Amino acid sequence: MIRRLASVLHARNLEFLRDRGTLAFTVLLPVMLVIGMGLVFGGPERPLFKVGVLATHIDYGSHPFLHERYVEFIALPHEAEAVHKLTHQQIDLLVDLSGVPRYWVNTDSPKGYIAEKLLLAAVPAARRQSVSGAALRYIDWLFPGILGMNMMFSCLFGVGYVVLRYRKSGFLKRLHATPLTAFEFLSAQVLSRLGLILIVTALLYAGIGAIIGFHNSGNLLLLVLLAVLGALSMIALGLTVAARFSSEELVGGLLNMLTWPMMLLSGIWFSLEGSPRWVQWVAHAFPLTHVLDAARAVMLDGAGLAQIAPNLLFLAATALAFLAFGAWSFRWRID
Amino acid sequence: MTAPLIEVRDLVKEYPATTAVAGVSFRVPEGVCFGLLGPNGAGKTTTVEIMEGILPPTAGEVRYRGEPLGPRFREEAGILFQKTALQDFLTVRQSIALFRGLYHQGLDVDAVIRLCALEKLAGRDRRKLSGGQEQRLLLAIALVNDPAVLFLDEPTTGLDPQARRNFWELVQSIKAQRKTILLTTHYMEEAELLCDEIVIMDRGRIVAQGPPRQLLHEHFAEVLLELPRQEFPETARALPLKILDASDRVEITTDDIESTLRTLLAARVPLGRLRIRPANLEDLFLELTGRELRP
Chain A
587 MIRRLASVLH ARNLEFLRDR GTLAFTVLLP VMLVIGMGLV FGGPERPLFK
637 VGVLATHIDY GSHPFLHERY VEFIALPHEA EAVHKLTHQQ IDLLVDLSGV
687 PRYWVNTDSP KGYIAEKLLL AAVPAARRQS VSGAALRYID WLFPGILGMN
737 MMFSCLFGVG YVVLRYRKSG FLKRLHATPL TAFEFLSAQV LSRLGLILIV
787 TALLYAGIGA IIGFHNSGNL LLLVLLAVLG ALSMIALGLT VAARFSSEEL
837 VGGLLNMLTW PMMLLSGIWF SLEGSPRWVQ WVAHAFPLTH VLDAARAVML
887 DGAGLAQIAP NLLFLAATAL AFLAFGAWSF RWRID
Chain B
141 MTAPLIEVRD LVKEYPATTA VAGVSFRVPE GVCFGLLGPN GAGKTTTVEI
191 MEGILPPTAG EVRYRGEPLG PRFREEAGIL FQKTALQDFL TVRQSIALFR
241 GLYHQGLDVD AVIRLCALEK LAGRDRRKLS GGQEQRLLLA IALVNDPAVL
291 FLDEPTTGLD PQARRNFWEL VQSIKAQRKT ILLTTHYMEE AELLCDEIVI
341 MDRGRIVAQG PPRQLLHEHF AEVLLELPRQ EFPETARALP LKILDASDRV
391 EITTDDIEST LRTLLAARVP LGRLRIRPAN LEDLFLELTG RELRP
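Those sequence lines, one after another, are chains A and B. Residue numbers for the first sequence follow our numbering, so the first one is 587 and each next one is one higher. Residue numbers for the second sequence follow our numbering, so the first one is 141 and each next one is one higher.
Looking at chain A on its own, in the form it has when it is part of the complex:
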């Protein structure tokens, strides 16, 4: 038995070691994950309070309050946007130290109450303005992320592995002998998966809404449009990965390489507010980030078409670009 086991083990190891693409991803992916997690979540401990500062950047030497420990200061250049964040308790206090010191506090926020005490100890003459507004329930904030995550996995893995299976089985080779073009084949896959995802997402939306209830201030049709463009972009991304490879392990590695950063950086579980600027810049290269930003803007803030138009345009453009690249690089058969 040991001999048979050893024979199979040896053969499998040889197969694995000779599949260089898979080997590279198997080794590189965990290394990249460790480095990525370290960059995003490393550094000093998280502060107790988040205080918005009306400024394009924080000049810590400009005021003694900015030296307070356990407070994270976040530069917010636009007053309206900053007040909006305070209203939703995404920050605990908002200060303007550029002229006569003034500040805004959310009277419904317990952390705002403490942060105000800290500010007044350092700047007793600061002029007070108050806003009110309940903190968003985490479920209201999380809900679009859950829908988006489900969409992402279905788009990337569902389509990617199906195309790979078709290629390995020789079904694609048979289709290649017909007038069918790569673009037609890929478009059919995209549309098939799109229909499935829209149905599943609608069921989740209705089901979770019925069970736990959630906040939606926006237009439902706008959310449908967003779901369509978001799903198209991510399905097309999955197709570009599966367009030419024949190894399940390699394609699995590539898909993991896409899904893990999106899971961590697209804001499914937590806001990237306060994370390094480059992290936010990278996050905005992912379709899922645009889906979630726009979905939260619509559902939580009642944003309209004009406000989320940049997200929609990004998703439409990436869907076309990924589909075109997928069709261009598509392989019908195993080389």
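Note that these hints are calculated values from the structure, not bench results. Some clues are possibly wrong.
[Claimed, not checked] Stretch by stretch, here's where chain B covers chain A in the computed footprint (C-beta under 8 Å, at least three residues):
no., region
1, 744 to 758
2, 761 to 767
[As the list claims (entries may be wrong)] From chain B, some residues computed to sit far from chain A (all C-beta separations above 10 Å):
no., residue
3, 144
4, 231
5, 254
6, 328
7, 343
8, 358
9, 377
10, 386
11, 390
The model shown is predicted, which means the values in this text are computed figures rather than measured ones. Note that CB positions come from ideal geometry on N, CA and C, so glycine has one too.
Following the hints, put chain B in place on chain A, whose structure we already have.
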């Protein structure tokens, strides 16, 4: 001379470690069953896949109705690959309908089902078909666009004798419609039965080309005498005869049967189990491609 339906010109296919096709040229006239024969590794599947337009050649070209392969060829060609997988979870009818939807013109799905005797299987999950039934389904898919040229790449490999003969009858009925068929096969009986013209390939090159009868006549003016090998004395191998070993028997080719028989009797070779027969395609194939096992 009428223009060929397909013309293969100086076809070469090279891979990093080997040359699969080394300069092959031939013409396939319209309305014939054209056989491409050869041992394993001869380059016939590579040649056919280049002809089908799914594999690019390293050099040379294939022309269909005088034009390079293009959209018209894809519309008018029906293909049955040596190995083909279909989509899972579809019935026989759905599998045929899927492919019918890929062509502008073609036969009605029910007509194809009837043509390939699949009526009783039309609603069955295609994964539950036997080998012979699946080949009939694949043939139905190859016929769904009512093709002008039908490629059959080793279509009966792995089938039992009954299913094979059943498949041959189907091909003969298609052939009767004057469709052009390009058949690759290992089975000489199949080629002899179905093909009007053949090309025999070996090591990427054509070693013989023409109608089977003509080729046999060119290579075998003689008849074959077969004797069991174990009854053939070693001393008789020194006789002035053309003697060939063929697995369990010894073959002697001759154009003078009486003289050969006298020689064998004089050498006391037992003739109790002697068989005399004309040469067939298998003899031609072995004559041209050799009998030794290839590495």
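What hint numbers does the structure not satisfy? Result: no hint breaks.
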